[in-house]
Structure formats: structure tokens, C-alpha cells
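*Asks:* Can you make the complete structure from the sequences, with help from the hints?
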Amino acid sequence: CDIYVLSSIHEGFGIVLQEAMQVGLPTVSTNNGGQVDFLKSRINVLFVNLVLI
1 CDIYVLSSIH EGFGIVLQEA MQVGLPTVST NNGGQVDFLK SRINVLFVNL VLI
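For the sequence shown, full-length UniProt numbering gives the first residue as 1, with consecutive numbering after it.
Don't take each hint at face value.
[What the hints assert, rightly or not] In silico SDA-like pairs for lysine to any residue, Cα to Cα no more than 20 Å straight-line:
id, residue 1, residue 2
1, 40, 12
2, 40, 27
3, 40, 26
4, 40, 7
5, 40, 24
6, 40, 3
7, 40, 6
8, 40, 13
Hint data in this document are derived by calculation from the structure and do not stem from the laboratory.
*Replies:* The structure is reproduced here in C-alpha cells:
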């Protein structure tokens with residue numbers, strides 16, 4: 001894989017997202033759910049507005 005995309009409508013915490021980041025994959029995620037609490041937009045993730053998907 002070249003990137004990891006988490007396109008969930010509902011996500012509790014985003015463990016899979018953390019696992020992808022642990023192996024060094026760049027990540028793209030929707031901006032809802034628990035991942036917004038531990039990620040910084042444009043620092044370690046690119047957030048996408050759920051409405052645009």
C-alpha cells in the first residue's frame with residue numbers, strides 16, 4: 001500500500017488508523033469520530049469532510 005484511507009461514517013477510536021501510521025503509511029481520514037482527538041490535521045493526517053465523500 002502507498003497510503004491508508006479511513007472513510008468511515010462512524011468510527012469509535014481508529015485503532016486501524018493508528019496501526020497504518022505505525023508502519024509509516026500516510027493517512028487520509030474523515031473528520032469525525034475518535035481520530036480527531038489524537039491526530040493533527042496536515043501534520044500526521046489529511047482530514048476530509050464527510051459531506052464531500
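*Asks:* Evaluate each hint against the coordinates.
*Replies:* For each hint, the structure was consulted:
1. The hinted pair formed by residue 40 and residue 12 meets the criterion: a straight-line CA distance of about 17 Å does not exceed 20 Å.
2. Among the hinted pairs, residue 40 with residue 27 is consistent with the structure: their alpha-carbon atoms are about 11 Å apart, no more than 20 Å.
3. Distance restraint check for residue 40 and residue 26: the Cα-Cα separation of roughly 13 Å lies within the 20 Å cut-off, and the hinted pair is therefore satisfied.
4. Taking the CA atoms of residue 40 and residue 7, the gap is near 17 Å; set against the 20 Å cutoff, the hint holds.
5. The hinted pair formed by residue 40 and residue 24 meets the criterion: a straight-line CA distance of about 16 Å does not exceed 20 Å.
6. Distance hint between residue 40 and residue 3 is fulfilled; the C-alpha atoms sit about 17 Å from each other, no more than 20 Å.
7. Under the criterion of a C-alpha separation no larger than 20 Å, the hint pairing residue 40 with residue 6 is consistent with the structure, at around 15 Å.
8. Under the criterion of a C-alpha separation no larger than 20 Å, the hint pairing residue 40 with residue 13 is consistent with the structure, at around 15 Å.
Going through the hint list in order, the structure satisfies each hint without exception.
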